[in-house]
Amino acid sequence: MEENKVIKSIIGDDIEITGDVKCSSQLQFDGKLDGNLVCTGSAVIGKTAVVNGNITVESVTINGTVQGNITAKDRIEMKSTARVHGDIKAKRLSVEDGVTFIGRSEVNPSGVVPEVGTPTPEIKK
Amino acid sequence: MAKRTVEVIDGFSQVQAFKRAAAKGTIGTPGKPKPAISGNTTNGTVEAQASAVRSGVRPLVAASPLRAMPSPVVSAQSTSTASPSVPLNQIGVTIVPKKRVVTCYDCGYSFTVTGKLHVPYCPKCKILLCVNDIVIDGEQIENIKTIGDVIIKPTAKLAPGLTINARSVTIGGDVSQCAAVLASEYIYLETDGKISPTVLEQTHVVIPESAEIKATSEFKCKRLTVMGKIEGSISVAECLEIKAGGNVVGDISAPSLVMELGAGLTGSCKIIK
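First to last, the sequence lines map onto chains B and D. All the letters of the first sequence, read from the start, carry residue numbers 70 to 194 under the numbering used here. All the letters of the second sequence, read from the start, carry residue numbers 24 to 296 under the numbering used here.
Accuracy of the hints is not assured; some may be wrong.
What the hints assert, rightly or not - Facing chain B, according to a computed beta carbon distance under 7 Å, are these residues of chain D, among others:
(1) Phe-134
(2) Val-272
(3) Ser-276
(4) Ser-279
(5) Leu-280
(6) Ala-286
(7) Thr-289
(8) Ile-295
Stated by the list, open to error - Quick partial rundown of chain D residues pointing at chain B, CB under 10 Å, derived from the structure:
(9) Asp-160
(10) Leu-288
(11) Lys-296
Quick caveat, the hints were computed from the structure, so don't treat them as lab data. We treat Cβ as the ideally placed atom computed from N, Cα and C, and that holds for glycine.
Isolated chain D (complex conformation) (with noise of 0.2 Å):
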């Protein structure tokens, strides 16, 4: 039998695999196995993950041929007829696609894209949206759009009247002199950040668990999740989320509080819609 080259492997060619194996005679047939002859187990085992590799599959992990019966109402059948040491017939392995919700930078659509992401064309405005992550640790002088994430490192000098669109953006670095740092998802907020008061005003803005943020002037954005420590004046547009081990330190005004046990809440508070 030519030999084929299958880089993907999931359950279902899995079960042909075993089923054309079990056709041949070297595998038991699902819900019907082989009966165990002593001294032989071993070798029947070992017969079905080479058939299963000469078919171009993958042999399942499990030291079993009988691994990958599909049914669960086979697999109780068979377990009444098998021996003791026979496990149960289940499928090892079921590849599910992942799914991905991107947010065209450009107009704003939000569309899904299952599987592996390549350069995408939004489907609104039909342009070719960048997918990279970018590290920025040196000098940047142009515009970032990209729907993957941006780390803004503490060693970062950005331009002023940068603007940064992404879908994630971690900044470690200076921003304070961008014009804009919009994310479709967060902004993380770490401890080097430095920011102007107005740059985040339009994002939903996280301050991890182990940054401590000092605001000089007043802290604005549109929602705010606190999981570390934010000292001085804020206001949030839509919802602060102050998170069990997060605290915040100064003035605080919002339509909307929402604080767990074990969160810190120290000073004026105005929570009105």
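Only chain B is shown next, with the shape it has when bound in the complex (with noise of 0.2 Å):
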């Protein structure tokens, strides 16, 4: 499962980011990003997350807050913690009670992933 994946790169909260992250791992992110966030492998936003950007990933669990659009391959994950401002697009969602979300989302029941490529760096909004 990719729960049991180990975590490779471990971004703290206390890391400041100003533009564009890219990883082919998984990814743990405390910090603060103002760009946008790719990973081919799956992601782990923290509580202590703020992202102002797009993010395109495999899979992805969020317990941070989010302001931008979230693309997965996979699946997405928001937890009671989550804050999302933005769309999403994924093939899978699961989303716990207490979560904030406004925007527009795009998961399908038969699993289809609409119009998810490989992940690529986009320009952020």
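Hints are included, so try docking the two chains, each in its own frame, into the full complex.
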């Protein structure tokens, strides 16, 4: 299972990044990012994380704040502390009670991904 | 011995019956099974069952007199002393009375009824509650109040201004003329169900797996659980829950959203407390 994979990269809560972040393995992000996040593996957005930009990943677990669009090839998990302002697009989606989400969702129960290609960096709005 | 008729059989009665049978010597004492004599094992079983029948108790299903032993400690002892062909000693059946939460349709007071649901009185407002399950498949002009279930078939014709108050309501027909449809538990909305926008505002609505609902105007309710498919604009006062396999297409507005993996959600969402 992907949850059991070892997280190779950790960005701590005291780190602020301006610009895009690319990662090809498992990533835990707890800091602040003004830019896009592209990850070909799975990513965990921690409780303290604030992402102002688009996220393109294989699968992502969101505990923190995201201001931007999220696109996942596999799944998006929004935990109870998640705050998302933006559109989401994924094959599967799970949402816990307590989530704040304002945006558009495109998730089919058949598991068909709505036009999600290989993760490529996108220009931040 | 006079023949008795016992309708309800529980574990205690069976244990007592087998103790009486054991006292007469027709059955082994609990914990001390009779030594199995070659060729008599089957007879012993028949005797035990016959004894139990004479004493007014239905014999156990398993063809062994030693299944009615109450204590696991005793059973462990007897297992060690008994031959390998003798099964463990245990009570076969124990009946636990069913509990049911009843909500009075007049005062809204909830209380628990244990056992069979006879005609109950509300402990608070002292009115006699109707317990019938009602199926409406024709013309209905009177208001319905019951603590049972109501099923509205597609052929039902409900008079305008009708009020339905029940434990659960299955809407398979047209209730758009009704004043209100209230349920203390759930309202199941089937594919053929037709409602007006405000009729379900105060209820917990469930869209079953087989249902496909199309809302032409804004669908409002207190809580919504989606296991089937619903299309249209949805406004939920408390919580929107989409189970795996459920699909929501349209704009949703709710203070809380719970969604399982495998569920579908397409549309604009406003989930904010």
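Here is what the structure says about each hint:
1. Phe-134: violated (29 Å)
2. Val-272: Hint violated; Val-272/D Cβ to chain B Cβ min 10 Å, cut 7 Å.
3. Ser-276: violated (10 Å)
4. Ser-279: Holds: closest Cβ of chain B sits about 5 Å from Ser-279/D, inside 7 Å.
5. Leu-280: With Cβ-Cβ at 5 Å, under 7 Å, it holds.
6. Ala-286: holds (6 Å)
7. Thr-289: holds (6 Å)
8. Ile-295: Hint on Ile-295/D: holds, closest Cβ of chain B at ~5 Å, below 7 Å.
9. Asp-160: This interface hint is violated because 33 Å lies over the 10 Å limit.
10. Leu-288: Holds, because the Cβ-Cβ distance from Leu-288/D to chain B comes to roughly 5 Å (cut-off 10 Å).
11. Lys-296: Constraint on Lys-296/D satisfied, holds at 7 Å.
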